[in-house]
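Peer 1: Can you make the complete structure from the sequences, with help from the hints?
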Amino acid sequence: MGVNRRDFLKEAGSAALGVGCGLPLLGTACSAVSQEPHGAESSARQWAMVVDVEKCRSEEVRRVCTEACHVAHNVPAIPDPAEEIKWIWVEQYENVFPDQVHNKTAAFIRQTPVLVLCNHCDNPPCVRVCPTQATWKRDSDGIVMMDMHRCIGCRYCMAACPYGSRSFNWGDPREYIPTDENGRFPTDYPTRSKGVVEKCNFCAERLREGLQPACVEAVNQIPGGEGALTFGDLSDPESEVSRMLNETNTISRRVNLGTGPNVYYKV
Amino acid sequence: MLDTAFRGGRKYWILLGVWGLLILVGMAAYGRQLVEGLRITGMSQDVTWGLYIAQFTFLVGVAASAVMVVLPYYLHNYKAFGKMVILGEFLAISAVLMCMLFVFVDMGQPRRVLNVLLHPTLNSVMFWDFLVLGGYGIINFVVGAVTFDAERKGTPAPNWIKPLIYLSIPWAVSIHTVTAFLYSGLEARSFWMTAILAPRFLASAFASGPSLLIVLALILRKFTKFDPGKEAIQKLALIVTYAMVINVFFVGVELFSGLYSDMPHHVHAFEYLFVGLHGHAALTPWVWVGEALTVCCVVGLLIPNVRRQERYLAVLAVGVIIAIWIEKGVAMVVTGFIPSPLGRITEYAPTAPEIAITVGVYALGFFVLTVLYKIVVSVRERLEVI
Chain F
83 MGVNRRDFLK EAGSAALGVG CGLPLLGTAC SAVSQEPHGA ESSARQWAMV VDVEKCRSEE
143 VRRVCTEACH VAHNVPAIPD PAEEIKWIWV EQYENVFPDQ VHNKTAAFIR QTPVLVLCNH
203 CDNPPCVRVC PTQATWKRDS DGIVMMDMHR CIGCRYCMAA CPYGSRSFNW GDPREYIPTD
263 ENGRFPTDYP TRSKGVVEKC NFCAERLREG LQPACVEAVN QIPGGEGALT FGDLSDPESE
323 VSRMLNETNT ISRRVNLGTG PNVYYKV
Chain C
1071 MLDTAFRGGR KYWILLGVWG LLILVGMAAY GRQLVEGLRI TGMSQDVTWG LYIAQFTFLV
1131 GVAASAVMVV LPYYLHNYKA FGKMVILGEF LAISAVLMCM LFVFVDMGQP RRVLNVLLHP
1191 TLNSVMFWDF LVLGGYGIIN FVVGAVTFDA ERKGTPAPNW IKPLIYLSIP WAVSIHTVTA
1251 FLYSGLEARS FWMTAILAPR FLASAFASGP SLLIVLALIL RKFTKFDPGK EAIQKLALIV
1311 TYAMVINVFF VGVELFSGLY SDMPHHVHAF EYLFVGLHGH AALTPWVWVG EALTVCCVVG
1371 LLIPNVRRQE RYLAVLAVGV IIAIWIEKGV AMVVTGFIPS PLGRITEYAP TAPEIAITVG
1431 VYALGFFVLT VLYKIVVSVR ERLEVI
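Line by line, the protein sequences are chains F and C.
Residues 83 to 349 in our numbering are what the first sequence spells out, letter by letter.
Residues 1071 to 1456 in our numbering are what the second sequence spells out, letter by letter.
Misleading hints may appear alongside valid ones.
Which bits of chain F does chain C cover? Going by a derived footprint, with three or more residues having C-beta under 8 angstroms, they are [said to hold, decoys possible]:
1. 160-170
2. 224-235
3. 314-328
With the C-beta cut set under 10 angstroms, the calculated list includes, among others, these residues of chain C facing chain F [what the hints assert, rightly or not]:
4. L1237
5. F1407
6. T1416
Each pair of labels, with its calculated beta carbon distance range [as the list claims (entries may be wrong)]:
7. F/P163 - C/H1146: 52 to 60 angstroms
8. F/P163 - C/G1087: 42 to 50 angstroms
9. C/R1080 - F/G265: 56 to 64 angstroms
10. C/L1308 - F/Q174: 27 to 35 angstroms
11. F/G340 - C/S1331: 44 to 52 angstroms
12. C/A1265 - F/N302: 46 to 54 angstroms
13. F/N302 - C/H1350: 37 to 45 angstroms
14. F/N338 - C/L1329: 48 to 56 angstroms
Calculated from the structure, these hints are not laboratory results.
A quick note: this is a predicted structure, and the numbers were derived from the prediction, not measured.
Glycine included, C-beta positions come from ideal geometry on N, C-alpha and C.
Peer 2: Structure, rendered in structure tokens:
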């Protein structure tokens, strides 16, 4: 297809503006365009991740990924699933890829544990609905960012995300962050307050330092974890992720919704 | 005009006292929510909206329904609504106030709520909902105050108010349409993502709002000398009848697409509502009570001899309000989250503090409504003496 959704909305929006200037409802259509809130560089990267489902069958591999992430971002360990904060976590294959299983899919496939995280979509529904631009898709590298100081905690993004990738702080998360004997949090990454939504940020703070995301770095250092997660720039045809997408069979989650996930799964 | 709000009989003050007490209870519970966060509610990572947003949705309908008296009166010069129209407009004002408060108490960071206006985001339906709701509240306040003041003085309303009145008609439709768009544009939630949602919202609003107006009119007539008129009440009853029948039709249309196509994503939500899904059936009793009420009310309303007797009509109107409240204020929002995008079924039930806050917001709305209606009644009584 030659026209993607955003371009279509842009066209439709301009047309709508021309026809019905000032009609607020039509305005909603055209405004999908105006997403440049936080300044941008010109180099348009698109960070992406490839998850090797087979290599993630190892419990150790999955544990290392989630632990590295939770330490790096001071993610609270809340035991109650109703309040649990999730950045990268495990779900069963049949729930991650509901359109990939059929009535006869073997149980061991259905129950395969799969690592899931924010997909940093090309067309993120969370960004579309956020009333304050507290979440936005960064033009410079395609990361779907969160501004914890702007978020009003309306949770519209959570209703909009088709992947359950967003968590709300129902209470003060700091009570649940493991601290050392001096009462210090694991890292300097800013802790969140109650009443805001959070999610995986593809380790934007580490990428700035030229590092790989915490989960990727950690898992590639353990035996059996090499290549379980691969991270790179999709706009660079020479990158490892581009090469993998070219050479192997990969899928992504709920493609029919048109969100354009940037987390891929090698199956 | 405002002075009449401060002079009233014992019943008036007792009523305000009751509302005031409930407001205090709600505020105490909200204080706890401010300190502890929204964890004191029954909501969870899977069901992220609950009682608050559901009440907001229901009350937007009540607010929008003022158009059902404004349109016949101003556009068709239907004189019988002469006394009813101000009741409709003032009901809309208090309903908008409650809507705003329900959104406010649902915020995780209420102090930042003005960010919605500081960083206007045209692609967010919530931004538009803020605008249209706020605008609707202001329009109704200005129209209500100006026309009522003119009437009190026995002068015709100023000409400049006319365009504003006409504007209020499509604006009323817009508030409930935009509210439906909050839900119906989300690809993640197949239960909400249906084009019939906005029409359904409007039909159910035009049933529940005028029903509430009938009940309020009957109460006013019983306890005060104010009588909006038998004909006006009967006309409202007819409007409720049409709207309710159309609403049932819309529900049927939606059920057909969902069930006949037999697509799992669509069927699951209806299964959850009507029979329960994998043993989870928290809403099932509510839904069946709602359906039973709907059928009884539609049948009752369709029989002219029943509808025309006000004691039956009062019961039918209360039935319609409860049925629509169950539909929008209980079932519609929560079911959108079940099952979750990851296939989990997490049920939702509001907690005691959540209910207290909800009751508090309603009490505040009814406090304002009581004061507004008191002014109307006092001014009318004075006019009729002269």
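Peer 1: Confirm or reject each hint.
Peer 2: Okay, the hints, checked on the actual structure:
1. Here's how the segment 160-170 of chain F fares: 5 of its residues keep a CB closer than 8 angstroms to some CB of chain C, so the rule of at least three is met and the hint holds.
2. Check on the segment 224-235 of chain F: 4 of its residues sit with their Cβ under 8 angstroms from a Cβ of chain C, so the three-residue criterion for coverage holds.
3. As drawn, the segment 314-328 of chain F meets chain C at 0 residues by the rule of a beta-carbon pair under 8 angstroms; below three, the given contact is violated.
4. Because the smallest distance between the Cβ of C/L1237 and any Cβ of chain F comes to about 12 angstroms, over 10 angstroms, the interface hint for this residue is violated.
5. For C/F1407, the interface hint holds, the least distance from its beta-carbon to any beta-carbon of chain F being 8 angstroms, beneath 10 angstroms.
6. For C/T1416, the suggested interface contact is upheld, since its CB lies about 7 angstroms from the closest CB of chain F, less than 10 angstroms.
7. Checked against the hint of 52 to 60 angstroms, the C-beta distance between F/P163 and C/H1146 comes to roughly 56 angstroms, which is consistent with it.
8. With their beta carbons about 43 angstroms apart, F/P163 and C/G1087 fall inside the hinted range of 42 to 50 angstroms.
9. The hinted range of 56 to 64 angstroms is satisfied by C/R1080 and F/G265, whose Cβ atoms lie roughly 59 angstroms apart.
10. Distance hint for C/L1308 and F/Q174: a CB-CB separation of about 54 angstroms, inconsistent with the stated range 27 to 35 angstroms.
11. For F/G340 and C/S1331, the Cβ-Cβ distance of about 20 angstroms falls outside the hinted range of 44 to 52 angstroms, so the restraint is violated.
12. Hint check: C/A1265 to F/N302, Cβ distance near 48 angstroms, so the stated range 46 to 54 angstroms holds.
13. In this structure, F/N302 and C/H1350 meet the distance hint of 37 to 45 angstroms, their C-beta atoms being roughly 41 angstroms apart.
14. Against the hinted window of 48 to 56 angstroms, the Cβ-Cβ separation of F/N338 and C/L1329 comes to about 21 angstroms, which falls outside the hint.
Going through the hint list in order, the structure does not satisfy hints 3, 4, 10, 11, 14.
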